[in-house]
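> Chain residues, written in single-letter form:
Protein chains: 2
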Amino acid sequence: MAARGHRFQERDMTKIHLFDSTLRDGAQAQGISYSVEDKLKIVAALDKLGVSYIEAGNPGSNPKDMEFFRRVAEIELKHARIIAFGATRKVGSQAAQDKNLQSLLAAGTDALCIFGKSWDYQVTDILRTTLEENLAMIGDTIRHLKSHGKEVIFDAEHFFDGYKANPDYSLQVLKAAAEAGADCLVLCDTNGGSFPGEIYAITQMVRQEVKTAIGIHCHNDSEMAVANSILAVQAGASHVQGTINGIGERCGNANLCSILPNLQLKLGFSCIPAENMAQLTAVARYVSEIANVTHNEKAPYVGNDAFAHKGGMHIDAVHKNPLSYEHVQPESVGNTRHILMSEVAGRSTLLARINAIDPTLGKDSPQTQKVLDRLKELEHEGYQFETAESSFELVVRKELGKYRPFFERKDFKVIVNEPSANGINSSAMIKIAVGQQEEITAAEGDGPVNALDKAMRKALERFYPAIAEIKLTDYKVRVLDSDKASAAKVRVLIESSDHETSWTTIGVSTDIIDASWRALVDAVEYKLLRDQEKAVQ
Amino acid sequence: MAARGHRFQERDMTKIHLFDSTLRDGAQAQGISYSVEDKLKIVAALDKLGVSYIEAGNPGSNPKDMEFFRRVAEIELKHARIIAFGATRKVGSQAAQDKNLQSLLAAGTDALCIFGKSWDYQVTDILRTTLEENLAMIGDTIRHLKSHGKEVIFDAEHFFDGYKANPDYSLQVLKAAAEAGADCLVLCDTNGGSFPGEIYAITQMVRQEVKTAIGIHCHNDSEMAVANSILAVQAGASHVQGTINGIGERCGNANLCSILPNLQLKLGFSCIPAENMAQLTAVARYVSEIANVTHNEKAPYVGNDAFAHKGGMHIDAVHKNPLSYEHVQPESVGNTRHILMSEVAGRSTLLARINAIDPTLGKDSPQTQKVLDRLKELEHEGYQFETAESSFELVVRKELGKYRPFFERKDFKVIVNEPSANGINSSAMIKIAVGQQEEITAAEGDGPVNALDKAMRKALERFYPAIAEIKLTDYKVRVLDSDKASAAKVRVLIESSDHETSWTTIGVSTDIIDASWRALVDAVEYKLLRDQEKAVQ
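Residue numbers (the UniProt record's numbering), protein chains in the order written: chain A, 1 to 537; chain B, 1 to 537.
Treat the hints as calculated values from the structure; they're not laboratory data. Incorrect hints may have been included.
Said to hold, decoys possible - Calculated lysine-lysine pairs in the BS3-like style (CA-CA distance at most 27 Å, straight line):
#: 1; chain 1: A; residue 1: Lys90; chain 2: B; residue 2: Lys320
#: 2; chain 1: A; residue 1: Lys431; chain 2: A; residue 2: Lys458
#: 3; chain 1: B; residue 1: Lys431; chain 2: A; residue 2: Lys413
#: 4; chain 1: A; residue 1: Lys410; chain 2: A; residue 2: Lys458
#: 5; chain 1: B; residue 1: Lys471; chain 2: A; residue 2: Lys489
#: 6; chain 1: A; residue 1: Lys476; chain 2: B; residue 2: Lys413
Claimed, not checked - A short, non-exhaustive set of chain A residues, derived as facing chain B with CB atoms under 10 Å:
#: 7; residue: Gly248
#: 8; residue: Tyr325
#: 9; residue: Gly447
#: 10; residue: Asp511
Please read these numbers as outputs of a predicted model, since none were measured by experiment. Glycine is no exception: its CB is placed at the ideal position from the N, C-alpha and C atoms.
Let's have the full structure, built from the sequences with the hints guiding it.
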């Protein structure tokens, strides 16, 4: 922290363990609720990125989490340990008899995180027990879990507020956890009200008092969670808790998408394998889509605007030397520079995708340019292909002339009647053509999208019986331009699956039925295309 | 910065000057463009709040700004000085002949802000002149403006990067500005890449080298702009530049909505009159509305979620003592606490909400039980009230008999035709009744939800003209039971806003049109209910 001539930052290859809580503390955020499938997908993405720990649920307070822990145990992870989270034993009970601790052990993870109180007033006024019993609860719990061979991380709730009120007691709490065998002591700024200077000073003092590894857990209520986490590391913490995109209750948790590059690219700490850093933007966007929240395009490092340049002066300078207005290279975190007047997109990423379909094309082939132009046009309309890879593949194929449509839509009409009698209130008429043959049919459904989906399948099934295998497994809608109220553009993402795999397609339109239709058509065509290719092989 | 026992923060009544650049640097953000009227409205709101400076435009680069400066001169401001912003004189020219400086003076403000380069490489490689000429440009410009009696604030662009590359030169730049008579030297972290520790150390060194007042100007590219600004103040800066809601290019400028309460409520500096602090949330929302950007509901201090509590454990603790999970009182910044309903929230949470409507009911009243039963039934159907507080309130009122519907739906019918001609492909017919009066009407729209929304507003507007104020700002759909494909249950969340606040409503149905309809009706009824209650007060 002190100034040393020009060496304001120490370059340090020390390993810092990232502890992701997107699935646990992140699930406390307003509007967030994950299915078991959502959680498994996020686990896979975080493990691929290379975080050290993934805190995934609280089996004691949420019985639904047990299915997740059973299923995640079947997955082989490369980098991460899965964490089950819970409280210490209850006041006046025995650790071995505590139901929550039994659920925690039953989750079957190798590592656990438990939280306990470290602010004297919280013990006496909220928990309503003695300061001694609180120390015993923490010690007993950790010893019990350690006797089962678990790695145990201890979250000292309200640590900084506690230290400011009663430093001796908050240190006693840490020492009780350390003596019981905790592997890491995490200092929590639970209310998010602490300042960088005090986080630095208190962490440094704790560092001198205990030998156990120190962690940091910050909330963003003062908009300083990232800086607070960084300063804790500079004061000696080696474990950082946070969430992807800062998802979390109130103003969010410390944002790992900023902390990770700050620590690794700027300060030289080692958090994840260096070659994985370029996955960061994709992981951030993927989590936003799964959590069904609007991705923050102004987010440092991982937002679309993070490397966008508008002012003419700035753009000139960026062309002369990107260092003029960019603190890191956008590619280092898998993002791209956006020049807002005349966009120049990242061609090499695209080329890799094009070569998967046609390996003969090069960076400067006219066909590559044609695909690029079409994608820009679609992105301008609101398409976003990060999560809709199947639609992306169809677009590339169409532009390369490697695609023959399976059918042609001639017409459709949907009628919705309210009030509905037993849910079936919509009917759809559809007319399609396959080659020279036409088919007109109709179906009823629960709502217009369902009616249309059923009518389309009915019309196509006699030509393509494999359509019966498609199951629509998820359907998400986002409003793109919210100023225009219900006439705004909507983006529909449809996830489909058959017995072998799942795939996601996208449709954008001002009309939700039309957007859904486009995504449905892509879903069907992608399935038929895949079956056709397998038949050829 | 250093630890002093428990006194980690100095309480300091020192005056800190807030310099708001929402209208100048904020206008560099993607998607932001203000009319002259917009700018005048924001000036009035900022002056009422009590900031010291309002940087409002760059008359040299934007001739349209002249009209603004002419009109703003007619307004009497209570707290703020208006600032015109511009560059130093051009390379090799005379300050008195420089066109930009002439425009700057023609703006007629008492105070000006000029920027100059303080990073040697930027002078030689971007500006392409000598280091000496750059010093002369800065000195000449400031002397010229001072000779016209202006207060002159000097922005040292790229100061921190410059200091790290060549500390001697960057200090020469500051000294040249100070000797020429600058009233304040602003250290800019133009690329937003600096770290809190180095900002603190460098600001402290500058403080020792020059006697002139020091300012700080940060960008948020490393998500540390707020912390960096705070540390600069703790190191001796007395002037802080930023924008409302952090509006600004790339990842935004330092957010005054967080810096202000951090400095004044937490550290005890004096930035604005104490009695004005409770205006903060309203000013933040007002600027979002005028700038036409979605207000960030997770924003510290001024977002709807900033004091929202979800977990049952947290809620119990907040009821026992708000300090448990709140770093400041929501009312201190003009915000309010939100207790979110969810499966983890218990009866005490519910009771607090019920008591807001009927204070006479107790935990064991039969009516409380009735509300609880109805909520469980709705949650079982797929309703989730944690984000849809407004629908929640309507449900409670209905169960308590404290609700009279504003209208009755008699019938509706929606027809969707494809292919669509110019997007307008849907039409809706609706029949409603208000008391004994019936209204039947129809509307066309982009998609069925839009058509229905428009038809409903059209039918109701003659009874309730305030409906015209409602703006639909977000629309989200989640599939609840994805196994059933497109016939699955969907949950629609609609966020609406007017000039004062925003509210969220929910609808669940197997039919997306029906679910949307329910959420739309709640949105309208909640607005009318709120207006009615205000009228009664």
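> The structure should be examined with respect to each hint, and the outcome stated for every one.
A quick look at each hint next to the structure:
1. Lys90/A - Lys320/B: 19 Å, holds
2. Lys431/A - Lys458/A: 11 Å, holds
3. Lys431/B - Lys413/A: 22 Å, holds
4. Lys410/A - Lys458/A: Given that 27 Å is the threshold and the Cα spacing comes to 15 Å, the pair holds.
5. Lys471/B - Lys489/A: Holds - the C-alpha atoms of lysine 489/A and lysine 471/B are around 15 Å apart, at most 27 Å.
6. Lys476/A - Lys413/B: 25 Å, holds
7. Gly248: 9 Å, holds
8. Tyr325: 6 Å, holds
9. Gly447: 3 Å, holds
10. Asp511: Because about 3 Å separates aspartate 511/A from the closest Cβ in chain B, which is inside the 10 Å limit, the hint holds.
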